[in-house]
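Listed here are the chains, written in short residue letters.
Protein chains: 2
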Amino acid sequence: MTDYTRILLTARPDKRGIGDYLFTRERVAIPSPAEGEILVKQTHMSLDPAMLGWMSPDTESYIPPVQLGEVMRSSGAGEVVESNHPNFNVGDRVMGMMGWTEYAVSNGKGLNKIQDSISTEMALCIFALPGLTATQGYLNVGKPKAGETLVVTGAASSVGSIVGQMAKADGLRVIGVVGSDEKAKWIVEELGFDGAINYKSDDLADKLAALTPDKIDIFFENTGGPIQQLIYQRMNTHGRIVVCGMIADYLSATPAPGPNWINMIKKRLTIQGFAMPDHFHEVPKLLGQLTPYVMQGKIKYRAHTIEGLDQAVNGLQMLFNGDNQGKMLVKL
Amino acid sequence: MTDYTRILLTARPDKRGIGDYLFTRERVAIPSPAEGEILVKQTHMSLDPAMLGWMSPDTESYIPPVQLGEVMRSSGAGEVVESNHPNFNVGDRVMGMMGWTEYAVSNGKGLNKIQDSISTEMALCIFALPGLTATQGYLNVGKPKAGETLVVTGAASSVGSIVGQMAKADGLRVIGVVGSDEKAKWIVEELGFDGAINYKSDDLADKLAALTPDKIDIFFENTGGPIQQLIYQRMNTHGRIVVCGMIADYLSATPAPGPNWINMIKKRLTIQGFAMPDHFHEVPKLLGQLTPYVMQGKIKYRAHTIEGLDQAVNGLQMLFNGDNQGKMLVKL
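Protein chains in written order, with numbering that gives the first Met the number 0: chain A, 0 to 331; chain B, 0 to 331.
Fair warning: there could be bad hints in the mix.
Claimed, not checked - Computed list of lysine-lysine pairs in DSS-like fashion (alpha-carbon distance at most 30 Å, straight line):
1. B:Lys142 x A:Lys144
2. B:Lys199 x A:Lys265
3. A:Lys214 x A:Lys184
4. B:Lys284 x A:Lys265
5. A:Lys142 x B:Lys144
6. B:Lys265 x A:Lys108
7. B:Lys214 x A:Lys265
Please keep in mind that the hints were generated in silico from the structure rather than gathered at the bench.
Since we're looking at a predicted model, the values are computed, not measured.
Sequences are here, hints too, so could you generate the full structure?
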């Protein structure tokens with residue numbers, strides 16, 4: 000085999016959202032790594048909400064967009080199949096930004112080896128962006144204290160499920176907002192959340208009030224949507240709102256308005272947005288904060304794995320529709 | 000003279016807003032101070048936006064409301080006319096929470112003496128809530144850096160005018176939003192702001208863009224209103240939004256929605272609300288931060304003084320209509 004498949008971004012998203020019209024598939028020859036380079040055969044691609052931002056030509060976003068004609072950007076994991084690099088051996092498992100491609104040549108920069116004790120799935124579901132994002136947002140922005148109440152939206156997502164489990168481990172009351180009864184059951188029965196709200200079917204105000212008798216100290220926002228206003232109104236004095244994602248609005252031409260700021264003064268709230276590219280230099284510190292939770296068996300995960308590079312577009316659509324059950328991965 | 004006048008809050012604000020229907024005037028006998036007490040003849044009452052909150056029965060606000068039948072709460076300054084307290088002498092000028100009254104008996108708690116070198120007006124316009132609020136919000140929440148751009152709404156107000164002048168002294172570019180051409184002229188020509196926007200008559204988006212070529216790093220919000228969204232959209236990465244007041248919405252039955260939170264993530268913004276009762280224990284520190292600006296002649300002020308306790312209701316109406324030119328004071 001001398002050819003491989005890769006998928007290029009060749010259009011910008013419009014009102015059709017995510018679809019095949021955005022991408023072009025091509026077959027190219029497998030390159031040989033030069034001195035100081037390695038050839039990686041990707042085994043698992045990660046699909047993440049941030050990828051929508053990378054496709055858009057918005058120059059104000061925190062990472063430059065993928066240029067038209069470039070391989071679609073994504074993180075993933077793979078195996079070193081050729082090495083001309085002193086630090087990598089054939090057979091090493093590595094993770095990093097690989098893109099929608101079966102093979103990638105790299106000088107090693109930005110690639111991390113996966114330790115033998117960790118499965119590739121676990122590396123991508125916890126020790127990659129999901130866990131780092133949860134750690135930065137929950138611990139360093141949210142500043143949790145035992146006994147407080149945390150509400151997380153997108154609670155069954157890769158980030159949200161880790162946030163909730165860290166908070167449970169730290170002695171907080173944790174309520175998760177999800178989009179299906181199956182996800183509600185999973186976060187309560189498997190992950191140990193204190194309660195779940197299905198935003199598609201529950202009476203939001205009543206259920207939120209019933210599940211947060213001491214109101215809310217930390218609001219970890221992954222989604223946006225109408226429940227945002229209700230959670231905001233139930234914040235306690237000196238509450239913290241961590242804005243990690245607004246997936247409900249990313250595809251909307253007219254994003255929904257947010258809450259009025261009077262409550263910011265009455266309750267002396269802090270709302271803080273964050274994005275991981277600001278914190279890539281802190282990854283060792285973040286891993287140091289995250290690892291004890293994992294080592295103590297506090298963090299469960301589930302992967303929603305689909306097969307084949309050609310399924311990546313479908314996988315992204317599932318992610319944005321909330322149809323996935325677990326961290327969205329594409330196995331190659 | 001053995002009687003004096005005081006004004007009680009005897010109704011809660013409704014859709015009529017501020018008006019005579021809220022208050023009852025009464026004449027009572029001047030009390031004698033007991034051992035450890037002083038009698039103060041109030042000379043200047045301060046009228047502040049926070050007073051609207053104190054009139055409302057909203058239990059979620061940060062200070063308990065004034066009870067019906069109590070003297071309306073306000074800060075002010077006066078002269079000690081009788082003293083049975085070892086730390087106060089007849090003739091001392093003092094400031095603190097005195098209420099809508101010509102005379103007040105106090106045990107001295109919460110009262111501060113006004114130094115001889117400072118006029119009573121200056122004490123109320125700078126070294127009381129306006130200056131302390133500006134200092135906490137601008138320095139400690141806003142965390143300014145020389146070269147940054149700050150936009151302040153309510154820029155001709157007691158707090159806003161101090162914020163802008165501190166920022167100019169620190170080497171920031173400062174743009175103020177005001178409600179009249181007279182105020183615009185005052186903040187630019189007298190206080191040295193780099194520009195002013197009249198939110199009632201200017202083309203807000205165009206003028207804001209023209210006056211903030213490097214966009215905006217700190218947004219000091221005193222008012223709310225439609226310009227909030229425009230300023231929010233022009234924030235730079237890692238910008239800070241200090242929410243100090245929302246006077247445009249306090250009297251509204253349906254406060255205007257705020258901006259969508261997508262920008263919080265894209266720009267990694269922080270929005271923080273604050274209120275001075277959280278910081279009363281830090282007054283010495285705040286005065287230590289504020290005083291150097293004043294001593295270096297960087298902080299000008301103007302008082303809008305009206306005469307007589309019976310004019311207090313009119314004064315509050317002027318304040319909420321933005322008809323005052325300077326810190327609203329009532330001279331008794």
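Hints, one by one, checked against the model:
{"no.": "1", "hint": "B:Lys142 x A:Lys144", "verdict": "holds (25 Å)"}
{"no.": "2", "hint": "B:Lys199 x A:Lys265", "verdict": "holds (27 Å)"}
{"no.": "3", "hint": "A:Lys214 x A:Lys184", "verdict": "holds (22 Å)"}
{"no.": "4", "hint": "B:Lys284 x A:Lys265", "verdict": "holds (23 Å)"}
{"no.": "5", "hint": "A:Lys142 x B:Lys144", "verdict": "holds (25 Å)"}
{"no.": "6", "hint": "B:Lys265 x A:Lys108", "verdict": "holds (25 Å)"}
{"no.": "7", "hint": "B:Lys214 x A:Lys265", "verdict": "holds (29 Å)"}
Going down the numbered hints, you'll see the structure goes against none, and every one checks out.
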